Amino acid sequence: MGDVSFVRTQTLPEMPPPVAEQGIVKWLRENLFSSVASAILTIIALWAVYKFTAFALPWIASGVWNTESLAACRNVLDGARGACFSVLTERWNQLLFGISYPAEHYWRPTVAFVLLFFAAAPVLFFDLPRKFLIFTGVYPFIAYWLIWGGTILSPAIALAGIIMGYFVYAKFIKSSFAVAFLGGMAVAFIIWILSGYIVPAIAPENPFFEAVPSRNMGGFMLNMILGTVCVSLSLPLGIVLALGRQSNMPVIKIICVFFIEFIRGVPLITLLFVANVVLAYFFPPDSNIDLILRVIIMITLFSAAYIAEVIRGGLAALPVGQYEAADSLGLDYAQAMRLIILPQALKISIPGIVNVSVGLFKDTTLVSVISMFDLVGAIRGPILAATEWNGVYWELFMFASILFFLVCYSISQYSQWLERRLATDHR
Amino acid sequence: MKTSFVLGALAVAGLAAGAAYAGTLDDVKARGTLNCGVSTGLVGFAAPNASGEWEGFDVGMCRAVAAAVLGDANAVEFVPTTGKTRFTALASGEVDMLARNTTWTFSRDVDLKFEFTGVNYYDGQGFMVPSDLGVSSAKELDGATVCIQTGTTTELNLADFFRSNNMSYEPVPIETNAEAQQQYLAGACDVYTTDASGLAATRATFENPDAHVVLPEIISKEPLGPLVRHGDNNWGDIVRWTLNALITAEELGVTSANMAEMASGTNNPEINRLMGTEGTLGEMLGLDATWAQRVLAVGGNYGEMFEANIGESTPIGLARGLNAQWKNGGLLYSPPFR
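Protein sequence lines correspond, in order, to chains A and B. Going letter by letter, the first sequence gives residues 2 to 428 in this note's numbering. Going letter by letter, the second sequence gives residues 32 to 369 in this note's numbering.
Just so you know, the hints here were simulated from the structure itself, not pulled from any lab data. Computed from a predicted model, the values in this text were never measured in an experiment. Just so you know, even glycine gets a beta-carbon here, dropped at the ideal spot from N, CA and C. Among the hints, erroneous ones may be present.
[Unchecked claim] From the derived model, a few chain A residues whose C-beta atoms are all more than 12 Å from chain B:
no.	residue
1	PRO103
2	LEU234
3	ASN277
4	PRO320
5	ARG381
6	ALA424
[Said to hold, decoys possible] The list that follows gives simulated cross-link-like pairs (lysine to any residue, SDA-like), each with its CA atoms no further than 25 Å apart:
no.	chain 1	residue 1	chain 2	residue 2
7	A	LYS52	B	LEU216
8	B	LYS252	B	ASP191
9	B	LYS115	A	PHE274
10	A	LYS363	B	THR207
11	B	LYS144	A	PHE274
12	B	LYS144	A	LEU280
13	B	LYS60	A	PHE274
14	A	LYS363	B	GLU210
15	B	LYS115	A	ILE298
16	A	LYS52	B	GLN213
17	B	LYS60	A	ALA202
18	A	LYS363	B	LYS144
19	B	LYS115	A	PHE283
20	B	LYS144	A	PHE283
21	B	LYS144	A	VAL275
22	B	LYS115	A	SER215
23	B	LYS115	A	TYR282
24	B	LYS115	A	ASP291
25	B	LYS115	A	LEU294
26	B	LYS60	A	VAL213
27	B	LYS115	A	TYR394
28	B	LYS60	A	ILE290
29	B	LYS115	A	ILE290
30	B	LYS115	A	ILE293
31	B	LYS115	A	PHE263
32	A	LYS363	B	LEU216
33	B	LYS115	A	ARG216
34	B	LYS144	A	VAL278
35	B	LYS115	A	VAL278
36	A	LYS254	A	GLU325
37	B	LYS115	A	LEU272
38	B	LYS115	A	LEU407
39	B	LYS115	A	LEU367
40	B	LYS115	A	ILE264
Could you build all of it, start to finish, from the sequences and the hints given here?
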């Protein structure tokens, strides 16, 4: 017998991996059918998805879009299953802008909404040039003027007060933070109070934009106004409260602790009722403080208390060495906080802050219980009470959920981007 | 300086408050609009239409008062109020009157210090059942399951009714009217009970309304009417007699169609007094002679308003029932214009 040893002289051609180890099959095996239990769950889930789609899709597809009333809708459908989206085509303006916002001025809140993106961009994406922040600073006054209309003098003087206050602040900040801060506040308030007497006298009879009273605000616009204003106001207030709670000065500490614990111990609905009902007794009739303003104050205080606690968590998570490092550099309290402590603490707090913001945005629908016609209030009140549309539920609430989902999902996506962008630990 | 500013503001506020309570009529005239509290939305009674204008039976009451006082049925600022905020809105002066399907009860009239100026709709609790059930009277409902909104007077009325008739029932507690509609249609209960006007409105939204019947029994009294604050009787008189003018006009056969003819003078002295061609009734109210003509020009007399908003020609389809004129066996009975 000869020698049967065998030496391969050339490499084998590359084989594709086994079918079960590549592509879609591998993915399915690993993710959906990795064990008997997960296979069963996958099949049940697929069945549920199929059932739901088979139920919902025809309903949406055969929806009726252009009838005058629910009864007409049912006539068109003639016994078949189908959605009655006509309510959306007829009442979309009330859902978005409220019951009585003048239709010829719908473009004003729309422009304000578009500008919101430009104003928010430099705050949200800090890679943008810092000069854009000027527009952010001016935006609230432009938006107010666009949405509420009336004389431009009111927002202009409000802005002037802030600018003058800032100049005073900038002049004294070198010597003392407290003097600069209080001085700036005092100057701003003096300008505002004085202008309160002057503006009504010199305001033109027919302003460039027709004034729209607060009572006529509503729909998703109201949710957006309350959401953006309250989130942006409650964040700085929350930071102040969180720092106050950690303060060594007993009076400030007691005030902050008491405020936070009180607000957190009271349901938001109660605060809204106070804003709407109880405050009305303290003011004379006809000189009522604007209802939206009252609601903004209450929601801001409410969410500020929660944000303060979130930020306190961030502060507590910082090692004490960071505080000592700031002290050893000779920084005073304001500098240490601004340059060393808060940047780190806020970064840790991002998920919590976003959580509060999303919750707050959805909580703005609670104003419907104090008879403001926000998106949900407009659905539950006027639209469902209209003789034509009484009985349409799914279509309207689906529309509302989609709008809220879009906003809340964008907030959540942004916060995830922000966390990735700020990640300095090399994981 | 700060203290004096605050004190000054308080003093001004106090003066303003004092002045405001001096005369609602003068306030409304000075303001040029009537602040009228309405429901946030109740089918047929108050709801804004697609262009945002308020419509409905209660809304018509507000417009009638505005027409009488200001001469313009559109000079009304409608303030939507919920069941919880309505009384504070009125008591705090945020609204001048409330026309919000509010039941006239002892404690609201006396304890809450309001003045009900009449009844513009006599409601009462009723029952709705599917026609398949074959029930024609509420007395046959022994052992039924009943969908009922919790925490309302309807719950108590229901218990009383079944106990006094020696019947038993099984309550299915429900939070809102919308939920109740769904539960009832899904067959979770045999009977749905709430105010009869609400039952009719609910039934009108069903895909197949004929498959459900509202039983004839009404087991509670719910007189709904406009109300004003205590302490301004002149204003209360204006609201009361605006409502009475609507009712009297129907009784006397004055409609929006024949009003011009009636206003030029008739043989019936009461019509003449109502129209202001005779006597000084408008002057006594602090208004002008033709106030009632303007009231009737808004939406016609009581019967016309009823028919246009909630009557049998509308999807809600309420029969006049208790709300017919006293001559037709109803309860509407206005004191004479004399």
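Enumerated hints in conflict with the structure, sorted upward: Going through the list in order, the structure violates hints 1, 3, 5, 13, 18, 32, 38 and respects the others.
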